[in-house]
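Asks: Based on these hints, arrange chain B on the given structure of chain A.
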Amino acid sequence: MIDFFQMVVSGIAVGSSYALMGLAMVMIYKTSEVVNFAQGEMALLSVFVTFLMLDQYRLPFHIAFPAALLFSVFLGAFLEFAVLRRATEANVLGRIIITIGMEMVLIGIVSWKFGADPKTMPFPISPYDSAEIGSVYISTLELLSLLIALSLMISLFLFLKFSRLGMAMKATQQNRTAARLMGIPTNRILMITWGISAFIGCVAGLLIAPVTMQPYMMWDPMLKGFAAAVMGGMTSLPGAIFGAYILGITENLFGGYVSIEFKSVVAFVIIVIVLCIKPSGLFARHYVKKV
Amino acid sequence: MKSKKLLLVLAMAAIAVTFSFSVQAEEGVTDTEIHVGQWGPQTGPAAPWGSVARGTDALFKMINAEGGIHGRKIVHHMFDDAYNPAMTKAGVKQLQESTGMFAWVVGVGTAPGLSVMDYLMEKKIPWVGPASGSQHWITPPQKYLFAVYPLYNLEAKALVRYGVNRLMKKKVAIIYQNDDYGKNGLQGANEELGQYGMKLVAEVPVEVKDTDMKPHVMRLKKSGADLVLLWVSPTHAVRIVGTAKAMNYETQFVSTSTCSDFPLMYKISKGLWKGVIAAAFGELPDADHYLMNKYKNDAYAKFAAKDERWGTFYYAGMLFAEPFVEALKRCGRDLTREKLVKELEGLNNFRGIGGSITYKPFDPKDPSCRQGMREVFLIECLDDGKIKKLTDWMQIE
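Protein chains in written order, with our numbering: chain A, 36 to 326; chain B, 972 to 1368.
FYI, nobody ran anything at the bench for these hints, they're computed from the structure. Treat the hints with care, as some may be off.
Okay, the calculated bits of chain B under chain A, using three or more residues with CB under 8 Å as the criterion [stated by the list, open to error]:
id : stretch
1  : 1139-1150
2  : 1343-1351
So the derived list for chain A, only partly shown, Cβ under 10 Å to chain B, looks like this [claimed, not checked]:
id : residue
3  : Ser52
4  : Ala214
5  : Met248
Listed next, the in silico DSBU-like pairs over lysine-lysine satisfying Cα-Cα at most 30 Å (straight line) [as the list claims (entries may be wrong)]:
id : chain 1 : residue 1 : chain 2 : residue 2
6  : B       : Lys1114   : B       : Lys1300
7  : A       : Lys148    : B       : Lys1277
8  : B       : Lys1300   : B       : Lys1095
9  : A       : Lys154    : B       : Lys1095
10 : B       : Lys1357   : A       : Lys148
11 : B       : Lys1114   : A       : Lys148
12 : B       : Lys1300   : A       : Lys154
13 : B       : Lys1277   : B       : Lys1245
14 : A       : Lys154    : B       : Lys1114
15 : B       : Lys1360   : A       : Lys154
16 : A       : Lys154    : B       : Lys1267
17 : B       : Lys1060   : A       : Lys148
18 : A       : Lys154    : B       : Lys1180
19 : B       : Lys1241   : B       : Lys1277
20 : B       : Lys1357   : B       : Lys1142
Glycine included, each C-beta is placed from N, C-alpha and C at the ideal position.
This is chain A alone, in the form it adopts within the complex (with noise of 0.2 Å):
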């Protein structure tokens, strides 16, 4: 029974960065229909900017890890101005290849800069401590990146729910010519969600940096993240959450009951299922369009 309980807490805890990075690309999806593939490639930059400042700077964290989150939202801002506002006649599938080729641009970037040997990120905590609880273990990062990531949803939900800026992305969302004639800016609406969602990608980066960091290191978090997403409904922001967990458990579980070489399938086994049985995922309400 300790086995059942230490698999379901390692799922959690592991579901906290899929949640994040699969916040992060619902955010976009929802305004602009566009999955974005360069969300983990964003964070990944990032976060090697953080390890620049910390490492050879010598910055303490207090200032590199604000620095950094200020740094992705300029990013993610920057990226939907300068290249995705800039392919106008192009449709959602052009703008996803779009997101696919920033993806391999800043891959690129991270490694010419910084070099492909593996390199860990200081941190006020080490990622090697544990906490018991019972008999059951759970890291202190875990621990602090399920602490972050649910504060970060409650925040945001409160802030697209009951602040004027988080209204005018909702409206945004739902109808964009409306909320235009409405007198909101939709492009800068659009500029501001994708650096809100690079900030979110951003967070998730820095929680999983300090085990190892590569150029690599974000994209199975990001395709697992999008699965979450996927199963939730890809625009529900609370289904790419409960999504993530689900994922993070039944990994876990299947690893260790059934088969742990077939641990990393499992994600994509339970899209097909949740896609054959509700197309439109766990929590997305099912639109049609009325001609």
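Replies: Leaving out everything else, chain B in the frame of chain A:
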């Protein structure tokens, strides 16, 4: 009429002359140059191993700076295959069929190497020192393929032998990458344990894409293993050792030479690599060894990029190419592929910066005729990634 006949004769003569020249001169060899090819990942997840190819490159540049070999410079064509077998195959074919390589050296990875092995062997093009300890290179042996890297299963045997005999460990487990590389380790461990009437208490496969190691480590912990063989990539190895620490699981980790770059491993594991024992097949980075000093001063210091590290993989790129260079020297001025093969076969206890290398005349029934190195030694990681030599060279059949 006469002039027409003369023209015909002249034309035929011209064709004959051209033809005879192209037959005589070996592909990839001119009066002043020897063209040699190599692939290696400079981008992608396997890029940390890219330094192997850069190491070979520095060695060749050093040789060229010293006047080349019998008046010929080595022109080293290396390309980035991103550890993607499809790209390896395309790149090798392109270089071979456009420029024409005399031979191929090193080349990182089992899967990339396997994708071109048949092609090179069918064309009878020598390939020396694949940077991987796979059994595929020698089972069955190929006339033109010379393996240098000691087999992975041999490293596993050495580590198990040391663990059981010297460290008195009773429960041995392995965590391995679920591919050819990992399975070679698994096989070696099983064979060696069989000799002591023991069995692995856990065999835990890791997929290359896995990032969360908790389920894996939990299995190891449950098995109660007091010796765990790590047959995985460096990043996975660090994650496993870290997860074990977080789960309060204490055991002796031992690892393949793939994770024997202790300064790097110590740094990325934030010190957890201390106490890990690994197999090694080359001199230590700070060894006071004549050739190591020469390579460090004349190749690395002069030709490496500014931020290149004098790491294990980097000089392994030189180590793997040493038998090729030695055979080129022994061939003399009259260089052909057949002669190169003959000189390689003549290497007997040749020693550069690695273990001793011996080949034998080609015998399709004897894999050992193409396996150069058969010995490793064991090292332990100390504080700050310093290295302690635990054993002498261990010869294992």
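Asks: Against the structure, test the hints numbered earlier, and report the numbers of the ones violated in rising order.
Replies: 1, 2, 4, 9, 11, 12, 14
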